[in-house]
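**Q** What follows is the residue order along each chain.
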Amino acid sequence: MDDKPRSILVLGGARSGKSRHAQSLAEGMGRDRLFIATAQAFDDEMRDRIARHRADRDASWRTVEAPVDLPGAIRDHGRAERILLVDCLTLWLSNLLLSDADLDAAGRSLVRAIAETPALVVLVGNEVGFGIVPDNALARRFRDAAGRLHQDLAARCDAVDLVVAGIALRMKPPAR
Amino acid sequence: MDDKPRSILVLGGARSGKSRHAQSLAEGMGRDRLFIATAQAFDDEMRDRIARHRADRDASWRTVEAPVDLPGAIRDHGRAERILLVDCLTLWLSNLLLSDADLDAAGRSLVRAIAETPALVVLVGNEVGFGIVPDNALARRFRDAAGRLHQDLAARCDAVDLVVAGIALRMKPPAR
Amino acid sequence: MDDKPRSILVLGGARSGKSRHAQSLAEGMGRDRLFIATAQAFDDEMRDRIARHRADRDASWRTVEAPVDLPGAIRDHGRAERILLVDCLTLWLSNLLLSDADLDAAGRSLVRAIAETPALVVLVGNEVGFGIVPDNALARRFRDAAGRLHQDLAARCDAVDLVVAGIALRMKPPAR
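Residue numbers (the numbering used here), protein chains in the order written: chain A, 3 to 178; chain E, 3 to 178; chain D, 3 to 178.
Where hints are given, some of them may not hold.
Identical copies look the same in the list; a pair holds intra-copy or inter-copy alike.
Straight-line C-alpha distance at most 25 Å; calculated SDA-like pairs for lysine to any residue [said to hold, decoys possible]: (1) Lys6 - Gly30; (2) Lys6 - Arg59; (3) Lys6 - Glu118; (4) Lys6 - Val70; (5) Lys6 - Arg172; (6) Lys6 - Glu83; (7) Lys6 - Pro176; (8) Lys6 - Pro175; (9) Lys6 - Leu99; (10) Lys6 - Phe44; (11) Lys6 - Glu29; (12) Lys6 - Leu105; (13) Lys6 - Ser26; (14) Lys6 - Ile52; (15) Lys6 - Ala177; (16) Lys6 - Ala141; (17) Lys6 - His79; (18) Lys6 - Ala68.
I should point out that these hints are in silico values taken from the structure, not numbers from a laboratory.
All chains should be built: construct the whole structure from the sequences, respecting the hints.
**A** Have a look at this one:
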């Protein structure tokens, strides 16, 4: 029996090293590597961030962009032996929120795409629920949607890592 | 010797699945189950949330409301073999803050009620201290009070779980 | 072989008990104890906080203040057998931000000072990256700088603890 995880959810705070950890996990899973980027370069701050992350990946990685139709990208590009690294769920949700999409339906569609893909999958998400309740309703809606999506994905992924200061803690499967 | 915890503190972020985890723990502890709700339905958002949580509990649960006098509810309803599920500490603190109560005195009174009750207790709290320092002084006071209360309760409870994306990590007693 | 950590990074949320945990670790490491305080008493809230923390330490502790030149303080006071407890990195970064310093250069200078000191070191930092993205650009810059600094220090420290509700979870070295 093979006990290597085929799907891993990597959660962490802002600037926690979660992208780097996810990339390192993905590179240990195989050689046919596809990076699925959800970021959109609206401003210089985001452009810098995208460029910095891209510079961290070597030539073994191909990149596709899927700011909105992430489930479609997983269906289109998923094949056996390929590793899909999705970075990140939070920007995807945020793009959906801005385009006024149904967040829960989109979440269900993503969970289905991940359940059905023959590819190996590493997903990166920002854990955003550990602060004070945000003042504005949109931020609260976003936080709720992110939390529910992470729960649904964590229930279905073989492994879940929480990254703090670059150190990963494997929460699933449990250590004991 | 019985090493099953008689008091468990469940902490987690917003939409982390902490309520569901706490309920599942509580249902494993016995059959005489009382849900102590601290939520007050001020607006539609909160009314929805309360209804959703109530729908998650089956008919084996009775519910009492204790938005302000939570220590009193624990004293009144605590008896041997009964499981009290308090959901959640954060709304209780927030109700106290709005009614201008002495948060530290209330916290001490709650810790005492929990120490003295013959019942088994599961407590749910929102960990809110992992974000940027809030702009407004009230939010900072709230965050400080929540943190101190969680520390006091964690020191006294037999077990402490941290829930992230529906996955619980037992922090106390430690794994090693 | 000595497997006791010589450098420990303690991370936690606001009011998580991280200072107390760090102090307790430090007191177990030796008897020549120096507390390096980065706090500046700008207002009553901060003055109270400093006084409360100071009252928690017994007479075995000497205190020096290093609100800005923390690397210099570590170089000046670090000697073999001495324990330096730095509390906290977050206030230091925040002081640097207010004085318009180069945060990344300062971070590198701190990492170097810690790598070179003959002293044992315990560092306390506030994990601030687990909330919703802050509205204002300065808070985002601060959050990014704190995250990067924590990653750099975590990579170099022998041990990393995450404190939640007064309970410490050793993240590095890993439990398994």
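**Q** Tell me, which hint numbers fail for this structure?
**A** 4, 9, 10, 12, 14, 16, 18
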